[in-house]
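**Q** Sequence:
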Amino acid sequence: DDFLSVINPESLVIKQGFAEPSLKDAVAGKAFQFEREGYFCLDSRHSTAEKPVFNRTVGLRDTWAKVGE
74 DDFLSVINPE
84 SLVIKQGFAE
94 PSLKDAVAGK
104 AFQFEREGYF
114 CLDSRHSTAE
124 KPVFNRTVGL
134 RDTWAKVGE
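Per this note's numbering, the sequence shown starts with residue 74, numbered consecutively.
Fair warning: there could be bad hints in the mix.
[Stated by the list, open to error] Pairs of lysine-lysine residues, derived as DSSO-like cross-links and limited to a Cα-Cα distance of at most 30 Å, are as follows: (1) K88 <-> K124; (2) K124 <-> K97; (3) K103 <-> K124; (4) K103 <-> K88.
Keep in mind that the hints were calculated from the coordinates and are not lab data.
Make a model of the complete structure from these sequences and hints.
**A** Next comes the structure, spelled out in structure tokens:
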């Protein structure tokens, strides 16, 4: 069947941000924690030296959202 019909169109989020200079030496397969966001890994297919791409592998639980409700 058409697998694209079941993919969430809101699942791709592209953000621009700032990171520690040491991340320029990141290698695929190693996990990094981005403060207050979650754990990410380097995308070995889409990253370049000029534009690294990190994919979130585990999000952090947002307990503050529940407190505000």
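**Q** Please work out if K103 and K88 have their alpha carbons no farther apart than 30 Å.
**A** holds (21 Å)
**Q** For the pair supplied as a hint, K124 and K97, is the alpha-carbon distance within the 30 Å limit?
**A** Cα-Cα ~9 Å, so holds.
**Q** Does K103 pair with K124 here, judged by a C-alpha cut-off of 30 Å?
**A** Cα-Cα ~18 Å, so holds.
**Q** Measure nothing beyond the straight line between the CA atoms of K88 and K124; if it is 30 Å or shorter, mark the hint as holding.
**A** Judged against 30 Å, a Cα distance of about 12 Å means the pair holds.
Checked against the numbered hints above, the structure violates none of them.
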